[in-house]
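Asks: Each protein sequence line maps, in turn, to chains A, B and C. Its first residue numbered -6, the first sequence is counted upward by one per residue in the numbering used here. Its first residue numbered 5, the second sequence is counted upward by one per residue in the numbering used here. Its first residue numbered 444, the third sequence is counted upward by one per residue in the numbering used here.
It is possible that part of the hints are untrue.
Coverage of chain B stretches by chain A, computed from C-beta distances (three or more under 8 Å per stretch; other residues unrestricted) [unchecked claim]: (1) 93 to 107; (2) 231 to 242; (3) 253 to 259.
Which residues of chain A face chain B? A partial, calculated answer using Cβ under 8 Å [stated by the list, open to error]: (4) N106; (5) F348; (6) A472.
Don't read these hints as lab results, they were simulated from the structure. Note that CB positions come from ideal geometry on N, CA and C, so glycine has one too.
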Amino acid sequence: MNKRLLIANRSEIAIRIIRSAHKLGLTAVVLQSDKEPDALYLQYADEIIEARDANNEKPIFLDAERIVQLALENHIDLIHPGYGFLSENPDFAALCEKNGLNFVGPSPELIRNMGIKTIAKKMAIEAGLPLVPGSDGAIANAQVAQEIAKKIGYPVLLKASAGGGGRGMRIVEKPETMERNFKSAFDEATAAFGNGDLFIEKYLENPKHLEFQILGDKFGNVIHLGERECSLQRKHQKLMEEAPSASISSKVRNKMGKMAVKFAKSIGYFSAGTIEYILDEDGTFYFMEMNTRIQVEHPVTEMVTGIDLLDWQIKIALGEKLTLKQSNIKTTGWAIECRVNTEDPQNRFSPQTGFIEKIRFPQGNHVRIETGVQNGSVVTPYFDSMIAKIIVRGNNRQDAIDKTLEALKDFSLVGLKTTVPFCRTVLQDPEFISARYTTRWVTQFFKPVMLEHPDDELIGALAATIIYATEYLQIVSDAPASRNENLNVWVLNKRINK
Amino acid sequence: MNKNEVFELRKKALHLMEDNAVVKQHLKGKLTARERITVLFDEGTFFEFDAFNEPALSSLDGKQSSFGDGVVVGRGLIQGRSVFAFAQDFTVLGGSLGYTHGSKIAKVQEMALKLGAPIIGLIDSGGARIQEGLKSLAAYAAIFRNNVRSSGIIPQISIILGPAAGGAVYSPALTDFVFMTNQTSYMFVTGPDVVKEVLNQDIDMEGLGGGNVHAQKSGVAHFVYDDEEHAIMYARKLLSYLPSNNFEPTRVSTNVQFYENRQGFLDKIIPDDANRPYDMKEIINIIVDKDTFFEVHEKFAQNILVGFARLDGKTVGIVANQPKVMAGTLDINASVKGARFVRFCDAFNIPLLVLEDVPGFLPGTEQEHSGIIRNGAKLLYAFCEATVPKITVIIRKAYGGAYIVMSSKNTGGDFNFAWPTAEIAVMGPAGAIKIVNRAELAKAENKAELEKILTEKYKNEIANPYKAEELGLIDEVIVPSDTRNILITAFEILSNKQYSKPERKHGSIPL
Amino acid sequence: MGTSYVYRRDASRLFIAMRENGKRFKIYLPKETLPVIDNVEQDINFIEQSDYQYLFEWKGKRYNCELVSRDQNKSTVKVNGVEYKFSLESLFSYVRHGMIDKDGKQLNENNITSPMPGKIVDIFLAEGDLVNEGEPILSLEAMKMQNEITATCNGVIGKIHVVAGQSVMKDDLLIEVTSIDV
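Only chain A is shown next, with the shape it has when bound in the complex (with noise of 0.2 Å):
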């Protein structure tokens, strides 16, 4: 009988597991969450679980013993969790082994080393990967940050150890803010995380954020498959991405890549997973934190190196040996993502949510489209604001980035807004063009006004003239634009009677 693999997950990813799934033979069961009901991605399914999520506080997707529960009631043999909701949480990955479910990704204690930023660090110190300036640990209180701050120089980065997302994280300018920026970032670790650890590291002003892809099985093979550049951010928020990264050298890389194999290596580490890099302007890099997941980003990488990721990532929790070798992996090409989120780039990115009238994506041999929803799909305010992705591939960058905008414009979307015409602008942007671009790009660049076109402006102006004409060329003419219904006789003689 075919194994059986739950997917933890919604919307795209959940598409795109059920594809893996298939090829590998597997039978692909899904979760119903009650807050979206018609989601496209159960009728990709082969049996769909209806989970009655409606009355709980948290959606089905991020309630582990649920999960696990009705993963036992349904003989799942294999639960993926895709990314974000409970796909780096130790607890789960813990409670699916315990319940003797084979969980796609690494084991419960790497998930949760590499989830405290404190040991995770320490774990590449030993690997040998270089770190940004900054506190061995947690940080006591706001006076040991002034001293480490002093030594490392300003602006530094107060972080939470248990953080992401940008929450429990200040910059600090000068030592005259320290403490209450020490204060502020502190509670909101702890209201966020209930771990209120913070570290301290050197703030570069103009980094770049890179990322290496790694694979590796339970026998201790680990390769890498080149990087990808995810620079473009808001708030810390990934918008676009590409692979591979202009900004480095082939010596560079390959020094990069060697570091993150060596650092996984040690660390025992299997599953698909990602080593984060942030590189200065100076050229200098520094090892970030380690992702040990599927990331949304994954399909740039396969589409330059043709190797399917979570194949492999399902392959490998299955037991399989990694047949690929590191002489193997080659990169042809260039490709670029948009990720395309209901969010409102002319409103400070502020979430849409509602009904999505009428989607099309673009076409082609050379695009690719990861998507979960369709026409007249709901975007609920529950989840996550992006509904889909699209990756396009072209020869060398240039080629890409041209083709990457050709295909945007065959994006259309009526009834939300999305980021599509922020990628449009990035695209045609010299800092990007240049591949000078760094994660301050949307601070320092980006203004509103830099979406419009004078050509849409102008179509604008014309539909937006012709609508108004329509009911004032109405109003303003003289002809009758109604008549009287003749009346009945019947109500004539009563009305006239009373």
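Following the hints, position chains B and C against chain A.
Replies: Relative to the frame of chain A, chains B and C by itself:
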């Protein structure tokens, strides 16, 4: 008097207004009375009368002559329909109302009533003419009396395009619809100077009685626009929905279009979570003919929506709860706004469509002490009294007294339909289970869990629309995307509705 | 009856769309031919409309337009995913607004004043008429020569202060013209 003399006189009458006063009026962002008339009526159709009336000598103040006494009256066509109008002329004696001025207005009012045609007042007047003393007040009184006599017989529309102060405000107040402009029109009983003197409050004209104040806070103005052109244009539009008098049947548009592709959205538009709002206007726009919803009192008491629309070309009056504002609860302002609209529609044979999603009346001391009881009763009275075809569609919540009020079956609603998402009961689940299951809940170990179960049970067993259908209180539970078609048929069925009323002078509405 | 005044309700198909940043488009929508935007006929084809969507074709490209919201004469439209807000005016309300500048003073740079002392021979246009830039408005006789005075802008003839046969001095105000150029 020979023919030439008449021409000379006419030229003189017109010339009077083309002096500096015209420029001044323009600089204030205002048009002159005659310009407004040309905007209002179909080209070349205005028939003026009483252009040579002279004011009482006392008010001339040494001036030679003042033809027309500061008001232009006459009759014109609006999209081919006969409409009477008077336009006060601020450039002549400040548009003040003297005896001649008032008599001209009264005369045109009487003609409109006699001939069953709508009347539009373009108001721009400094108020009663002090020089003429009591005579000008007497003229006002005659105007007010005519307003009341015409009420419910011909549509009366006031467009305020300048000041309307003191007693002058009551003529517009007695009419059916008041248009105002932002920044250039004001209405108040006592002006800023008096307010300052008596109450020592500093407030400007705009803040005391500008267009926005009356559109949002007092509800005096039904419509407010940025400029005079749009105010006057939209008065033309409003008229296209209304019959010319209370005997004329509902008007039918010659052009019917609707949002065909959007009907399906109605099946999904109600959020799963019963406490999440949605925009009722979206539902209205999908159901009615394309772009025909013309909202009345758009900015006042936004928890209830009222307005005219066309359904298959025929005018209907829509009263709908707006869950987006205050969860759609009924409060004093909403009740009064709704009641006024319902009575207008009833008077002019405009069928009523009610779209209901109301959790109840707004609770609280402020509401109770201000008289939500007697004000809520107005809406109830209006719906019970109305004899035009009345159809209610219960979209979601319909609880308690508020359910009864919104034209429920036994108040005389001709058809009550419900969407499958409807919840019809004496009260919402949260309140109901606390009363019905008080003992169980007190004993329960896991109170939250039990509440959840009881709420589900209540929704499924008591509040669901099929229960109401069993009782005959709902005529049909309908598929939301079919709403438009069903309503068209239902109104067609009701088009020959007859009614009988007990003999009486008039009812005693709880004012 | 039906006396014609300077001011008249206008059903000409000329409109002004103004963005919140002040940028203006003068748009003429002929009944059958192509739209004229800022005096240039544009080869924009209106392909189809469904509900709130409008599809145009221009310069070989398709433009998806969506009406996002409408409030009286203000509209927000979304073109290629980006929203643009416009307030719309018909020619006649625009012209009147144009009479008044921010300080409430009358604008007069386009008014016609007498360039030299002379006598008015003829006035070619009437109050309320539309006039194109360069189009003769009146003829003035000075030193036995007839001079045609032309409009300095596209606009509407406002008040005419002189009649044929009248003698005028240099810099006398002859005719008020309100610009409709944007």
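Asks: Does each hint hold? Answer for all of them.
Replies: Consistency of the hints with the structure:
1. 93 to 107: That given contact is violated, which follows from only 0 residues of the segment 93 to 107 of chain B lying within Cβ reach (below 8 Å) of chain A.
2. 231 to 242: Check passed, 4 qualifying residues.
3. 253 to 259: holds (count 7)
4. N106: violated (37 Å)
5. F348: Since chain B brings a Cβ to about 6 Å from F348 of chain A, closer than 8 Å, the hint holds.
6. A472: At 7 Å from the nearest chain B Cβ, A472 of chain A passes the 8 Å test, so the hint holds.
Taken one by one, the earlier hints fail for this structure at numbers 1, 4, listed in ascending order.
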